[in-house]
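Working from the sequences, and respecting the hints, build out all of it.
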Amino acid sequence: MSCIPIVNQCYTDKHGHLVTVRSVVNSRVSFIREGYEFPCVQSVERFSEEFTIWKETDDVKR
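Using my numbering, you'd call the opening residue of the sequence shown number 26 and step up by one each time.
I should point out that these hints are in silico values taken from the structure, not numbers from a laboratory.
Each hint should be verified, as a subset may be incorrect.
As the list claims (entries may be wrong) - Distance windows between CB atoms, simulated:
| hint | residue 1 | residue 2 | range |
| --- | --- | --- | --- |
| 1 | Gln34 | Phe63 | 16 to 24 Å |
| 2 | Glu81 | Asn51 | 25 to 33 Å |
| 3 | His40 | Val66 | 14 to 22 Å |
| 4 | Arg53 | Thr77 | 18 to 26 Å |
| 5 | Cys65 | Cys28 | 14 to 22 Å |
| 6 | Lys80 | Arg58 | 12 to 20 Å |
| 7 | Gly41 | Arg71 | 13 to 21 Å |
| 8 | Glu74 | Arg47 | 18 to 26 Å |
| 9 | Lys39 | Glu81 | 29 to 37 Å |
| 10 | Ile78 | Ser52 | 14 to 22 Å |
| 11 | Glu74 | Thr45 | 12 to 20 Å |
Don't be surprised by glycine CBs; every beta carbon is placed ideally from N, CA and C.
In structure tokens, the structure reads:
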């Protein structure tokens, strides 16, 4: 079962790149990648597989 991402929470991908969740509607996650102006959209399931919640102690690639 997928965990529902939290709006305005930051997450990182497997490469350490930062994203911020903007909305979760109808099992779709809309998020913004650091340094990219357009939103990206993925299913909650795929987002949960590809991203982990960011902790301030994590290394982030900007």
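Does the structure break any of the earlier hints, and which numbers would those be?
Of the numbered hints given earlier, the structure breaks just one, which is hint 9.
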